[in-house]
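J.: Listed below, chain by chain, are the residues.
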Amino acid sequence: MKERVIDGQNYRKERIARCIKARSDDIYALTSQKEMWYLLFPRIVPIVGIAIVAYLLPIYWKKVILTTCIFAMLAVSWDFLSSCGMLSLGQALFFGIGSFAAGGFNHYLHLPVYLTIPLATVTGGLISTMILLPVIRLRGIYFAMVTLILPLMLMRLIEATKLLGGTEGLTGLSPFPNEWVEVTLIMAAMWAALFGLRRFIASDYGLIFVSIRDNDRATMASGINIYAFKAQALFIGSSVCAFCGAFMTHSYQFTGMPVFAMEFSILPIAAAAIGGMNTLAGPLLGAMLLVPLSELLREFGTLRIVFYGAILIICVIGLPEGIFHYLSRKYNEMERWVKIE
Amino acid sequence: MNILEVKGITKTFGGVSAVADVSVNIEENTLLGIIGPNGSGKTTFVNIITGFVRPDKGSVVFKGKEMIGLPPYRVTNLGVGRAFQMVKPFFHLPAYKNIIVPLSSPRVRASSGGGYGDKDAMSLDILEEVGFERDSSVPYKTASVLPHGYLKRLELARLIALKSEVFILDELFSGLSIAEVTSITPIIEKLLLDGKTIIMVEHRLKELFRIADKVIVLNFGKKIKEGVPKEILEDEEVKKAYLGVEV
Numbered sequence: 580m581k582e583r584v585i586d587g588q589n590y591r592k593e594r595i596a597r598c599i600k601a602r603s604d605d606i607y608a609l610t611s612q613k614e615m616w617y618l619l620f621p622r623i624v625p626i627v628g629i630a631i632v633a634y635l636l637p638i639y640w641k642k643v644i645l646t647t648c649i650f651a652m653l654a655v656s657w658d659f660l661s662s663c664g665m666l667s668l669g670q671a672l673f674f675g676i677g678s679f680a681a682g683g684f685n686h687y688l689h690l691p692v693y694l695t696i697p698l699a700t701v702t703g704g705l706i707s708t709m710i711l712l713p714v715i716r717l718r719g720i721y722f723a724m725v726t727l728i729l730p731l732m733l734m735r736l737i738e739a740t741k742l743l744g745g746t747e748g749l750t751g752l753s754p755f756p757n758e759w760v761e762v763t764l765i766m767a768a769m770w771a772a773l774f775g776l777r778r779f780i781a782s783d784y785g786l787i788f789v790s791i792r793d794n795d796r797a798t799m800a801s802g803i804n805i806y807a808f809k810a811q812a813l814f815i816g817s818s819v820c821a822f823c824g825a826f827m828t829h830s831y832q833f834t835g836m837p838v839f840a841m842e843f844s845i846l847p848i849a850a851a852a853i854g855g856m857n858t859l860a861g862p863l864l865g866a867m868l869l870v871p872l873s874e875l876l877r878e879f880g881t882l883r884i885v886f887y888g889a890i891l892i893i894c895v896i897g898l899p900e901g902i903f904h905y906l907s908r909k910y911n912e913m914e915r916w917v918k919i920e
Numbered sequence: 051m052n053i054l055e056v057k058g059i060t061k062t063f064g065g066v067s068a069v070a071d072v073s074v075n076i077e078e079n080t081l082l083g084i085i086g087p088n089g090s091g092k093t094t095f096v097n098i099i100t101g102f103v104r105p106d107k108g109s110v111v112f113k114g115k116e117m118i119g120l121p122p123y124r125v126t127n128l129g130v131g132r133a134f135q136m137v138k139p140f141f142h143l144p145a146y147k148n149i150i151v152p153l154s155s156p157r158v159r160a161s162s163g164g165g166y167g168d169k170d171a172m173s174l175d176i177l178e179e180v181g182f183e184r185d186s187s188v189p190y191k192t193a194s195v196l197p198h199g200y201l202k203r204l205e206l207a208r209l210i211a212l213k214s215e216v217f218i219l220d221e222l223f224s225g226l227s228i229a230e231v232t233s234i235t236p237i238i239e240k241l242l243l244d245g246k247t248i249i250m251v252e253h254r255l256k257e258l259f260r261i262a263d264k265v266i267v268l269n270f271g272k273k274i275k276e277g278v279p280k281e282i283l284e285d286e287e288v289k290k291a292y293l294g295v296e297v
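Protein chains in written order, with this note's numbering: chain D, 580 to 920; chain Z, 51 to 297.
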């Protein structure tokens with residue numbers, strides 16, 4: 580029903596989102612407070628919601644939020660790399676390098692937490708980019724295979740050479756001052772990564788990264804050195820993961836071979852698959868659902884993985900486009916009654 | 051003056067000779083047509099000139115500079131632009147955002163500054179030049195929903211955005227209706243008036259011969275004929291190549 584009459588006055592349905600999206604995407608010509616709120620609402624709700632959970636619930640859930648945020652950032656970084664045409668199966672590589680960098684700085688050089696994390700973020704990003712630079716010309720699945728194998732190689736390397744603590748890892752690293760700082764910091768970092776990267780991808784400069792995914796040959800024929808841009812994307816993406824690694828290291832006061840575990844590579848992809856790819860926000864939403872879900876299923880013991888797998892399959896079959904794409908479409912389709920003059 | 055000198059280009063793919071010893075000189079501000087039956091090496095020839103494929107032998111000199119061995123983006127930045135036969139727009143981006151990518155190339159940035167937002171206006175101007183109606187929603191539509199004719203125009207727009215000196219158009223007219231071809235032809239003629247050099251690979255001979263200054267014919271990778279369109283039309287060997295008779 581598109582029209583109706585109330586008290587002799589004609590009304591018709593109109594989308595709330597009419598024009599707001601087009602105007603806010605590019606030229607920022609918002610005209611009223613209502614429009615501002617329309618755009619702010621879906622952004623503020625998750626920020627406030629997660630903050631409430633993080634600050635009010637007991638310590639156990641603080642740790643869950645922490646892990647969730649870390650996986651969410653890994654997923655955002657995975658989606659960023661995939662938006663730039665690089666299919667990565669190796670978030671664990673970036674994560675692990677960041678973790679060992681932070682551990683190394685703290686254990687051998689005795690640097691404090693507030694120095695090791697930024698340092699590990701940058702060095703982790705640099706080392707990851709250097710390692711992958713020789714294979715940056717590979718595309719699609721070939722690039723993915725290299726990123727899959729590298730963390731496993733590094734794991735064995737550390738085991739064999741006994742460098743950086745060998746099989747035992749580095750223990751007794753500096754902790755954060757308290758859990759409040761910890762949880763605030765990781766939430767701030769996660770939102771910064773999400774909104775920062777979304778803004779970046781939408782800029783004229785970020786457009787070039789997206790064009791590489793769409794068609795790398797046409798980007799080259801547009802006079803763009805795609806390898807330089809891919810290297811930049813790799814640095815940005817891996818820095819985000821390295822930050823997560825460094826953060827986790829100080830949170831657990833430990834770094835060792837488990838930081839190269841497959842889990843850190845696979846979960847971000849699962850999160851992106853159920854959340855919705857190429858939006859950055861989708862994978863974050865996916866991680867927000869998957870990680871706590873995995874915690875809730877813990878009481879089922881070994882059956883956990885069965886339920887977990889079943890839920891994943893249902894999500895992928897039911898909403899192949901991803902939850903975020905579905906939600907954002909529904910949100911933009913909302914209608915209201917307006918008077919016909 | 052020759053703007054592009056191609057000498058002895060040879061390329062074999064696993065024993066199959068794709069291009070064999072092809073040489074051609076292209077004078078500045080002329081239109082060269084390249085024709086030939088399917089599989090005669092036309093696209094490989096274009097790929098070699100633009101750096102996408104490295105030849106076994108031969109040289110390509112653009113304004114006195116050797117281009118063999120340069121990657122495609124360097125070739126583009128020197129001023130040799132290339133449109134693809136299989137259109138390659140950035141499907142997820144709106145049409146006008148497609149043009150922002152070439153506008154961000156070092157070649158264009160060196161010649162014109164411009165901060166955020168200026169590129170949008172530049173891009174819309176260029177799209178208007180190739181026939182996107184400015185006041186309609188067409189330039190803002192995602193490339194994936196645009197009809198084929200517009201995507202071909204988008205390829206042309208990319209080269210104009212790059213301020214290319216040599217336009218290499220690989221089967222620009224393929225898949226277009228007569229009406230679309232007749233509306234794109236004036237754009238090409240205008241480029242010639244602006245002093246550009248154009249190389250067109252074509253199957254639509256009638257349309258090509260109307261605007262070409264010189265035509266070369268390839269068959270099984272070899273250049274079998276070079277001349278003005280009239281000579282080509284009357285040549286027996288060319289007829290045989292096109293009709294499929296063994297020579």
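Don't take each hint at face value.
[Said to hold, decoys possible] Simulated restraints on C-beta separations:
1) M913/D / L255/Z: 49 to 57 Å
2) M913/D / E78/Z: 43 to 51 Å
3) K289/Z / R908/D: 51 to 59 Å
4) P121/Z / M724/D: 18 to 26 Å
[Claimed, not checked] Output of the computed footprint for chain Z on chain D, the stretches with three or more beta carbons under 8 Å from beta carbons of chain Z:
5) 730–743
6) 791–803
Treat the hints as calculated values from the structure; they're not laboratory data. Just so you know, even glycine gets a beta-carbon here, dropped at the ideal spot from N, CA and C.
J.: For each hint given before, does the structure comply? Return the numbers of the non-compliant ones in rising order.
T.: Of the numbered hints given earlier, those the structure breaks are 2, 5, listed in rising order.
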